[in-house]
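Position chain B against the provided structure of chain A, taking the given hints into account.
Below, each chain spelled out in residue letters.
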Amino acid sequence: MTENDRLLLNAYIDGELDPAHMLEFEQRLAGDGPLADERARIEALRGAMRERLPRATASPELRRRVAALARPRPFAIDWGARRGLGAKWGAMAASIAVAFAVGSAATYLAIRGDRGEPDLLVSSHMRALMASQPVEVASSDRHTVKPWFNGKLPQSPRVIDLAAQGFPLAGGRIDVISLTPAPTLVYRARQHVISLTALPVSLRARGPIRPIDGYNVVEWTDGSLAYWAVSDLAAPELENFAKAFRAGDAEP
Amino acid sequence: MDRGDSKARFANVVIPHLDDAYSVARWVTGNRADAEDVVQEACLRAFRGIGGFTGGNGRAWVLTIVRNAAYDWLRKNRPPAVVHVDDLEAVERMRSADDAAPAPDNPEAALIARADEVKLEAAIASLPAIFRETLVLRDVQGLDYREIATITDVPIGTVMSRLARARRRVIEMLGAHR
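Residue numbers (this note's numbering), protein chains in the order written: chain A, 13 to 264; chain B, 17 to 194.
Bound conformation, chain B alone:
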């Protein structure tokens, strides 16, 4: 593939998904400036790797690269944030340690529906990275399970259990901080 082709393909495949890329990076890194660095790095990687894109779901391909770049960034800049991917028990332990206030397990749906933006963001931001990304890919970006499984490189069953746990935990937190 010559350089001109790469540029054209990059423009076709990557640039239309820039908002999605930025949104995912912002949720993983937690702030705008770092998210921009991550997207820029991811776009460079995507540009170099565009010859390897075999067609199909361009958005999933781009978000996979963004997600990997974001994790590299986390590992480098926020090592404690990267929880070992399948150590769910550790995550559960962490949860009981950091919940100071007793949370009602089953708050009213109306209370959750009223949660304001700040509380909602804080609750989601406090999730371990792998849970946060699954929840965000599903409920903010609107991707289906198969796409999320591709992007996060886990089986669909893992996507299901992460999503269920992420939602449960956010619900509990929204119930706790009245």
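So that you can see chain A by itself, here it is in the shape it has in the complex:
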């Protein structure tokens, strides 16, 4: 196997070849034993890494420290003090700062309230991503997620299993949008998170929705509810998600 074959093989496995080279390489693979064996080894390695190496996640403590940087109101925190006074003092200072941040962030959202639902939905989505997990009920089983809403909201949303379409359910939470508590389903698409919020139709989109700070927003209605999907997924993929959800909705 030449060095060049090896590069092509890796690029083929990663889906980085253009369609013409892809086909050509596929034909070569079919007739080349050693190349096909190497492909099996690389795929096995990729599979093992995907399964056995869980993606590391930032600890809540680190998350708090970094979030403290982004509080809307300056609140002096001496980063050097962490080392100077020892980690314990740093941690304490950070958690005190967080207590203040929670209060001021709430004010901040209320002031921004006149910017419309898309902003509020993206804010909720971002807020959820910053939390230690983006759901309050974590389950891929719709029969667990749906009843969880029952006790908390007058009506629970339709919960649809889209794992087969590449959007496994991750759970749900309740967002408050324009003073309306709203059920939000959380789906995953590879490593991306999709928040799908159901709102009364009175809160449906009032015009075209542009991406907000890198998040795409898609809205549709089934007549009784307005559904809003927010994610950093590419726009066409988020549209596919919306399509899949609508198609699932039509089933009995």
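Note that these hints are calculated values from the structure, not bench results.
Some clues are possibly wrong.
[What the hints assert, rightly or not] With a straight-line Cα cutoff of 25 Å, these simulated SDA-like cross-link-like pairs (lysine to any residue) come out:
(1) 23/B <-> 55/A
(2) 135/B <-> 67/A
(3) 135/B <-> 76/A
(4) 135/B <-> 193/A
(5) 23/B <-> 81/A
(6) 135/B <-> 66/A
(7) 23/B <-> 130/A
(8) 135/B <-> 16/A
(9) 23/B <-> 141/A
(10) 23/B <-> 251/A
(11) 23/B <-> 224/A
(12) 23/B <-> 188/A
(13) 23/B <-> 223/A
(14) 135/B <-> 182/A
(15) 23/B <-> 66/A
(16) 23/B <-> 143/A
All values derive from a computational prediction rather than experimental measurement.
Below, chain B without anything else, positioned relative to chain A:
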């Protein structure tokens, strides 16, 4: 840009990628505590530099900063770990020197598929930093070649050859340590 804008942009651009940032830092430094220091330093840099972010791929922008902070940390704390970036021959020599057991070049795919977490981590951890980061950005973080090229500041061809070598070497190591 006033301070309030910076904070809002930081919250929008950087914080959503904190897990990715931490994961990359952990793989480069090799442990949690150092990874947290690296992420914290990188976030400070990102916060100061947020005005220079012109939009586009926020994750790649953040990971570039994290990666640079992690390398600064390595240079300071683990100087031998930083192999000269394009000296592939040196890496190959290092490899023949540190492989005590003869490795079967072509282990069965099934053997690799069964490799447990500890072996896998050890094999990846033993790669020289530039190979390790390329493999991790691709197969743990799921970035495409173009993003990896941006983050590691090399042409796509270099990403391809590093990735091919990294995978080959891990495969050989998993075959060797039965």
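Hints versus structure:
With a C-alpha separation of about 42 Å, the suggested pairing of residue 23/B with residue 55/A is violated against the 25 Å cut-off. For the hint pairing residue 135/B with residue 67/A, the CA-to-CA distance comes to about 17 Å; that is within 25 Å, so the pair holds. Restraint check for residue 135/B and residue 76/A: the C-alpha separation of about 33 Å exceeds 25 Å, so the hint is violated. This hinted pair does not check out: residue 135/B and residue 193/A have alpha carbons roughly 48 Å apart, beyond 25 Å.
Note on residue 23/B and residue 81/A: the hinted pairing holds, with a Cα-Cα distance of about 7 Å set against a maximum of 25 Å. Only pairs whose Cα atoms come within 25 Å are accepted, and residue 135/B paired with residue 66/A is accepted, the gap being roughly 14 Å. The suggested pairing of residue 23/B with residue 130/A holds, with an alpha-carbon distance near 20 Å, which does not exceed 25 Å. Restraint check for residue 135/B and residue 16/A: not satisfied, since their Cα atoms lie roughly 29 Å apart, outside the 25 Å limit.
The hinted pair formed by residue 23/B and residue 141/A meets the criterion: a straight-line CA distance of about 17 Å does not exceed 25 Å. For the given pair, residue 23/B sits about 31 Å from residue 251/A by alpha-carbon distance, which is inconsistent with the 25 Å threshold. The hinted pair formed by residue 23/B and residue 224/A meets the criterion: a straight-line CA distance of about 16 Å does not exceed 25 Å. Between residue 23/B and residue 188/A, the direct Cα distance comes to roughly 23 Å. Compliance with the 25 Å bound is thereby established for this hinted pair.
Only pairs whose Cα atoms come within 25 Å are accepted, and residue 23/B paired with residue 223/A is accepted, the gap being roughly 20 Å. Pair hint residue 135/B plus residue 182/A does not hold up; C-alpha atoms about 30 Å apart against a cutoff of 25 Å. For the hint linking residue 23/B to residue 66/A, the alpha-carbon distance of about 31 Å lies beyond 25 Å, and the restraint is violated. Between residue 23/B and residue 143/A the alpha-carbon distance is near 18 Å, which keeps this suggested pair within the 25 Å criterion.
When each numbered hint is compared with the structure, violations occur for hints 1, 3, 4, 8, 10, 14, 15.
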